[in-house]
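J.: Residues per chain, in single letters:
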Amino acid sequence: AQTVTQSQPEMSVQEAETVTLSCTYDTSESNYYLFWYKQPPSRQMILVIRQEAYKQQNATENRFSVNFQKAAKSFSLKISDSQLGDTAMYFCAFIYGGATNKLIFGTGTLLAVQP
Amino acid sequence: NAGVTQTPKFQVLKTGQSMTLQCAQDMNHNSMYWYRQDPGMGLRLIYYSASEGTTDKGEVPNGYNVSRLNKREFSLRLESAAPSQTSVYFCASSERPFSYNEQFFGPGTRLTVL
Chain A
1 AQTVTQSQPE MSVQEAETVT LSCTYDTSES NYYLFWYKQP PSRQMILVIR
51 QEAYKQQNAT ENRFSVNFQK AAKSFSLKIS DSQLGDTAMY FCAFIYGGAT
101 NKLIFGTGTL LAVQP
Chain B
1 NAGVTQTPKF QVLKTGQSMT LQCAQDMNHN SMYWYRQDPG MGLRLIYYSA
51 SEGTTDKGEV PNGYNVSRLN KREFSLRLES AAPSQTSVYF CASSERPFSY
101 NEQFFGPGTR LTVL
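Residue numbers (my numbering), protein chains in the order written: chain A, 1 to 115; chain B, 1 to 114.
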């Protein structure tokens, strides 16, 4: 079974600081995709960043970057220069090209950016 | 470009009542999805439509039905609502099914079943 685990239910960071959210997954597949989605208080889910498993280079999107460790099945999200608008629930998600492929979400990490 | 729209935003039902959640997208996407979000459980897939004319069950389909009315619209129906269906429901769409393509989400419908 494919699973995604986010072990930090809540985190807090000071404005302008850096924070890392952790995510681990379990799969026997070799080719798959990983995503981080952000859900602010407005509830709208927004894609933050994505990574293809066959690419060794870590994805980056402005202040957001990932540390993808394929052997360890780890996919952490680093947010640099945290801003108040980063306050949200962050979901790690995983998909693979299997017969019953579907996007599998972790349980989320609630990030609070403090002024 | 409105993206993915959902109606209604909030709904309260009594046990046994029926209702349909509406979803529409204006991005010409082929695939559409319905998820439910419960506290501490992330999002779980209820049904999806890989392309116009097809629908398939997801992880938690019991108690729901769907209709892919056309390429733009994908509705979710609760025939006889139960308190266990109290949740926030999200519709999403993507260019292709279950790929590297980003899924775009609607704003959600908060449903309470009394």
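In short, the hints are calculated from the structure, not lab data. Incorrect hints may have been included.
As the list claims (entries may be wrong) - Now the stretches of chain A that chain B is said to cover, found in silico as 3 or more residues with beta-carbon under 8 Å:
id, stretch
1, 40-54
2, 81-89
What the hints assert, rightly or not - Taking lysine to aspartate or glutamate pairs in the EDC-like style, the calculated list, with each CA pair at most 20 Å apart, reads:
id, chain 1, residue 1, chain 2, residue 2
3, A, Lys-102, B, Glu-52
4, A, Lys-55, A, Asp-81
5, A, Lys-73, A, Asp-86
6, A, Lys-102, B, Asp-38
7, B, Lys-14, B, Glu-79
8, B, Lys-71, B, Glu-52
9, A, Lys-55, B, Glu-102
10, B, Lys-9, B, Glu-73
11, A, Lys-73, B, Asp-26
12, A, Lys-102, B, Glu-79
13, A, Lys-70, B, Glu-73
14, B, Lys-71, B, Asp-38
15, A, Lys-102, B, Asp-56
The beta carbon of each residue, even a glycine, is placed where N, CA and C say it ideally should be.
J.: Decide, hint by hint, whether the structure agrees.
T.: Hints, one by one, checked against the model:
{"no.": "1", "hint": "40-54", "in the structure": "holds (count 8)"}
{"no.": "2", "hint": "81-89", "in the structure": "violated (count 0)"}
{"no.": "3", "hint": "A:Lys-102 with B:Glu-52", "in the structure": "18 Å, holds"}
{"no.": "4", "hint": "A:Lys-55 with A:Asp-81", "in the structure": "26 Å, violated"}
{"no.": "5", "hint": "A:Lys-73 with A:Asp-86", "in the structure": "25 Å, violated"}
{"no.": "6", "hint": "A:Lys-102 with B:Asp-38", "in the structure": "18 Å, holds"}
{"no.": "7", "hint": "B:Lys-14 with B:Glu-79", "in the structure": "12 Å, holds"}
{"no.": "8", "hint": "B:Lys-71 with B:Glu-52", "in the structure": "5 Å, holds"}
{"no.": "9", "hint": "A:Lys-55 with B:Glu-102", "in the structure": "17 Å, holds"}
{"no.": "10", "hint": "B:Lys-9 with B:Glu-73", "in the structure": "16 Å, holds"}
{"no.": "11", "hint": "A:Lys-73 with B:Asp-26", "in the structure": "36 Å, violated"}
{"no.": "12", "hint": "A:Lys-102 with B:Glu-79", "in the structure": "25 Å, violated"}
{"no.": "13", "hint": "A:Lys-70 with B:Glu-73", "in the structure": "38 Å, violated"}
{"no.": "14", "hint": "B:Lys-71 with B:Asp-38", "in the structure": "28 Å, violated"}
{"no.": "15", "hint": "A:Lys-102 with B:Asp-56", "in the structure": "11 Å, holds"}
Taken one by one, the earlier hints fail for this structure at numbers 2, 4, 5, 11, 12, 13 and 14, listed in ascending order.
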